[in-house]
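Chains as they are written, first to last, in the numbering used here: chain A, 1362 to 1515; chain B, 943 to 1549.
Please keep in mind that the hints were generated in silico from the structure rather than gathered at the bench. Certain hints may be false.
List time: in silico DSSO-like cross-link candidates among lysine-lysine, alpha-carbon distance up to 27 Å [stated by the list, open to error]: (1) K1102/B - K1506/A; (2) K1114/B - K1088/B; (3) K1335/B - K1400/B; (4) K1364/A - K1088/B.
Examples of chain B residues toward chain A, derived with CB under 7 Å [to be verified]: (5) G1010; (6) F1146; (7) T1147; (8) A1151; (9) T1183; (10) E1186; (11) A1189; (12) T1221; (13) M1295.
Beyond 12 Å from chain A on every Cβ pair, some chain B residues (computed) [said to hold, decoys possible]: (14) T1038; (15) K1139; (16) R1158; (17) S1266; (18) L1343; (19) I1380.
Beta carbons: idealized from backbone N, C-alpha and C, even for Gly.
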Amino acid sequence: MSKILSINGKSYTIDVQEDMPLLWAIRDIVGLTGTKFGCGVAQCGACSILIDGRLTKSCSMPVSYGIGKEIFTIEGTSENLEFLREAWNDGNVPQCGYCQSGQLIAATSLLDKVANPTDKDINDVMSDNICRCGTYTRIRKAIHKAVALKNKAI
Amino acid sequence: MSNIHQVNRRDFMKLFGLASTGIILGCTSTVEKKFQPEINKDFFAPNLFIHLEKNGNITLIASRSEMGQGIRTSLASAIADELEADWKYVAVKQATGDAKYGNQNTDGSRSVRTRLEPMRKMGAAAKMMLISAAAKKWNVVATDCKAENHFIINTVTKDKIFYGDLVEDASKIAIPDDATIQLKKVEDFKFIGKTLKSVDLNHFTHGTATYGIDVRIPNLKFAAIVRCPVTFGTLKSVDKTDAEKTAGVEKVIELDRIVPPVGQFFGALGGVAVIANNTWSAFQGKLNLNVEWDYGENHSFDTDNFKQVLTERLQETGKLVPGSRGNTISAFKKSEKIIEATYHVPFLVHAPMEVPNATAWFQGDKIEVWAPLQDPQTARAELAHFFEIPLEKITINVTFLGGGFGRKSKSDFVVEAVALSKEIESPVQVVWMREDDIKHSFYHATSAQYLKGGIDKKGNVTGWLQRVAVPSIVSSFKPMSDYASGLELNQGFTNNPYKLDNFRLENVKAESHLRIGWLRSVVHIHSGFGNNSFVDELANAAKINPVQFHLNLIGKDRVIKGKSNYPYDSKRMKDVLNNTAKMANWEKHYPKITELELLFIIVFILM
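Whole structure, please, built from the sequences with the hints as guidance.
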């Protein structure tokens, strides 16, 4: 039975069972591979997406949950994500890059809620996202930088 | 003893691709002689690594795998620097796994060390050709021309020509002789040694970098494999019913273990593979398999028990390792204090963020693979061996690696994918679940070591005895390799940085029950942990500040060579130590500190 997923403002009609995790529907059926598989049990954050603005581990939420909601992935664009991208570039943040989709999505959700996050705010949200290369300090710095870039732009 | 040493060394050379480093890639080397640049109006490709187009765009080939170390940027910048390229025109393309690019084995922390000069020569030779082309055009001597930021400049008339406009003329210039290539002076470097941003940043921040797991080709199937929970166990029987009923599952296939020949390759563990039309269905199908295993001879292997066994063996004298010197027994007798300690390192798994995975398409007379591989040439050779397809009919496309750490040096997951593709006659992507990665890796070995040291009244170390039991990496390639090899011991055990007159190193038996692999920094994990923990114990016993104690033990300034091609300078080591202590505010905290520990390891000086 076909279902409609709305991802980054675009509608995708897919034919999958409802209990398939969103991660795999997005990656294998829709074909957006920016969202990554890391652990499959909501522990590493590589699969982070936003569902109606809420930070969600897509490996552990079924397709049925995403139907009728607005899904946002690393392939999307938003004001905060663009400032974060600029800051990420500025600070040369990624190493292998694999976790960075999830990191950027998590950071986007943080800035969507907290305009001027403290280190503690950052740690609270970002500690769900593992970076095996260890870019954590650069990530924290880049989030502050994104805020600065945004404040300057306004 | 020395005989065993040599055999192990040779094996190691082979395993790590050291014997065929193939770095003599000057522009007139054998590789280049085979490569005749095409005379072309549209582009200038003076060697395998440079492709200049009329619009000025330059594509540079990265011959080593990118896993976060920034090698694509480093190698490209080395070429671009000598080429005097404008960085904004530079794009980087990943080389396929092919011997023509020289050794591509990306491990051992040596890509820049071994590739810097060859890459610089590629750029320098191309620059010479561009200069010659411009000089010919202007009818002046080459010495009146120089290259600068994507232009050749006539130093007399100040005329300049854009690189893109020289494409056709430069293609007609002969490749310069290796001996005539002049490299830049260090002080003239524009990119080398400078901080450059990754050339791949934009892809990383938009989710568009293609890792192995992101490869999508038409008609691609997805596979998950259940493997015996005991290493090298075999399949007894399988009930496929539930798996086959799983939504999305298309086929369930038994996969034999592929045993590598002695001395090379990795093979594959075998098991039962579930083929599906998406990854998740393959995972679900796998979980729905009902399998009975014959656990084989490793059934009784138990890591806690093995730790005990190794620890007990440390009580007996082991094989004396060359490099031991002086007389520790008499030194201990004369010592003021004797300190003993035993250290253990557990089995470790690499757990790269991107699990092992590979996409393969076996097409009868040829194979194409897309995979996150640290060593694509070994993968290629391995496929040629197991599937009896000539090397030149095998294409290995190297994707981005979501972390490697040594796990992706082993091509077992590629062998699995090709075996399945051959069986189902369709392209297939094998994806390991995270649980598979943790359960079936090429583990970094466990170890046990015993240390005994003596100190005199002044706190000098009088003698140092070290017994090491660590399963050898060689065991993964050669059965009955029950002792650490010479090249393993030469990673911090035989060549520790300490000035010790009485030093005795003993190699203790440690057979292997698992697939032993290497994890980044390899044996330095054992030696660094053991040595430094013990030096701390000695410092404590001598009541000397550990920083000072380390400095004393390293001793006077000297070059420490050992068997390495890369000698190290003890003065630089001491500078690092002093600076680190300063940055950590050591003096302020000592001796109250409990959370501050000093660890000093020099890694990968051997290759």
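Each hint, compared with the structure:
no.	hint	result
1	K1102/B - K1506/A	41 Å, violated
2	K1114/B - K1088/B	19 Å, holds
3	K1335/B - K1400/B	68 Å, violated
4	K1364/A - K1088/B	64 Å, violated
5	G1010	3 Å, holds
6	F1146	4 Å, holds
7	T1147	5 Å, holds
8	A1151	5 Å, holds
9	T1183	19 Å, violated
10	E1186	16 Å, violated
11	A1189	5 Å, holds
12	T1221	5 Å, holds
13	M1295	4 Å, holds
14	T1038	20 Å, holds
15	K1139	5 Å, violated
16	R1158	7 Å, violated
17	S1266	37 Å, holds
18	L1343	6 Å, violated
19	I1380	10 Å, violated
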